[in-house]
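**Student:** Sequence:
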Amino acid sequence: MWDEERIRSLIASVSRGFPVGAVMTLKTGGAVEFKPRVLEGAPVDAGQHKAESLLLDGQQRLTSMYQVLMRDEVVHTITPRRQRVKRWFYLDIEKCLDETVDRDEAVVSVPEDRRFTSDFGRVIERDLSTQELEFEHGMFPISAVVGWSDWNQSFVSWAMKLDDFQERFRRISEFYERIVKNFTEYLVPVIELAAATSKEAVCVVFEKVNTGGKPLDAFELITAMYAADGYELRKDWYGGDGIEGRHERFRSALRLPSASEGVLAGVGNTDFLQAISLFYTRDVRSRAQAEGKSGKELPKVSATRQSLLDLPLDAYLRYQSKVEAGFLEAAKFLVRLGIYRVKDLPYQSQVVPLAAILAELGGEADSPAAMEKIRRWYWNGVFGELYGSSTETRIARDFLEVVAWVRGGDLPSTVHEATVRADRLQTMRMRLSAAYKGVNALLMHEGAEDFRSGQKFSQTIFFDENVDIHHIFPQDWCKKQGIAKGIYDSIINKTPLAARTNRIIGGVAPSDYMGRIESENPELASAAFDTRLRSHLIDPDLLRTDNFTAFMATRQQALVGMIAGAIGKPVIVTDESDGGEQIDEDPTEIDLLGSEAI
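For what it's worth, this note's numbering labels the leading residue of the sequence shown as 68, then goes sequentially.
It cannot be assumed that every hint is accurate.
The calculated BS3-like cross-link candidates involving lysine-lysine, where the alpha carbons are at most 25 angstroms apart (straight line), are [unchecked claim]:
| id | residue 1 | residue 2 |
| --- | --- | --- |
| 1 | 410 | 399 |
| 2 | 367 | 162 |
| 3 | 552 | 410 |
| 4 | 389 | 367 |
In case anyone wonders, no lab produced these hints; they're calculated from the structure.
Let the hints inform the model, and build the full structure from the sequences given.
**Tutor:** In structure tokens:
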């Protein structure tokens, strides 16, 4: 099952006639036998027919397009917040025809009832529940591509009653020629392996298809372009001939001797190019404004792949030092927030606008008021879980809006749009969740002290004491009490602790390990120990009485208060469900679901 953002991206590529890669098949009847399975969502009787070919590579792409185009049924998918949902997919007709709009923005996913709502469903923002409403809003359902003639006939019958029929008919005809035809005439290259292909050969080919050579990315293409002008971009990034590359400078930034790498170790070459692109396209837009251009004439500030490919060498050379300084300032910012390792970084993608914002503001960012605004924006991005996918547009928007906000402008979209629900804490169970990592960092930032040593988790203590996220009510104890893993494994029952402290805790009841810690530290007064526990937003009395149920409720409320303080607005507390089942799985595992041949 692909997530909805990847499905949207696939639809956008096909709508533009862009290649999405070849698929590989294997003729059946040979020496290699796989257990076939049908595409997800195919008719029940599809598996009763003998397969003539098996799909080895391309399952996710073809499954997604089959479900979106052929079934005319709601698609089961996953949101960036890892929730199982049902979605319909549409193309915004006017946005598709507007060359200045990124096609990804023109692909819209809507809930099963085809209504966009706010205030927990009480207010309908946009209703697409009938075909007439789809016509009125200019939204074309992807599932109507195959039945274009019927859809178009219905549209014409509806539009003929309107005064602007001729214009609407012209636009819909243009939409068909420029967009719909890309679907109906789309060709996918197929590599077909003969039935006689040996098992060894199939295994080698399949392995290389899935884990083989890295495709050319934007960095590789730009490297080739700059090489024509005699500039070695690869050496600039990776180093060589005794020169330290920028990649190594980032990897070692603020790295302590006891740590293998710094918090910027995950910054990639395209991340760096994206930040430069923000400055370049911003300045191009500013020059266009100075020339009197406005509206759609103005080029966009952008960090998309295309904007990277359009980045001239002189722009790279002009902004590289400033942008590098911004990333190094971002490292300091993250460390001050209690984020010391790459694996604890909530969103790698949010580092790009953070670095660009700090690079642009320079010394302006040092004032307490400016830093507070930047922190608030950052935590809203984390706890609003807004940087999980389709980040290019948000990166560009935040770069402009946060800088303007610091300089007295309006509230940024990310701060305005972010919503956090109290019950979300119950479903944060793994490091995959940005908000999960955010809670851990925020606890350290707010002054959490180790249960045993009483030390606050500075960067030095963090690495010297091997600090990590651990259970407060131990897993073994919870299992013996019959408490469900989905409950005790949430972030509510976890907190940062030193490795030695976690070993003392073991698998016993909190009342027992508290006694162990106190016996090892006879000079530790109960009141002082209570202070350490409260620094983790833990009620000491509930731990001493092993009252798990009351502890979970009380700590959730305390964490909600901490998060609300960080984002600068209330966390939503409601008994109503947000309509999606929260799942807890590694996104990289989703691609492995199709390991059986189709």
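**Student:** Are the hints correct? Go through all of them and say.
**Tutor:** Results of checking the hints against the structure:
1. 410 - 399: 17 angstroms, holds
2. 367 - 162: Measuring from Cα to Cα gives roughly 15 angstroms; hence the hint holds.
3. 552 - 410: Roughly 23 angstroms between the alpha carbons, so the hint for residue 552 and residue 410 holds.
4. 389 - 367: Holds: residue 389 and residue 367 sit about 21 angstroms apart, inside 25 angstroms.
Checked against the numbered hints above, the structure breaks none of them.
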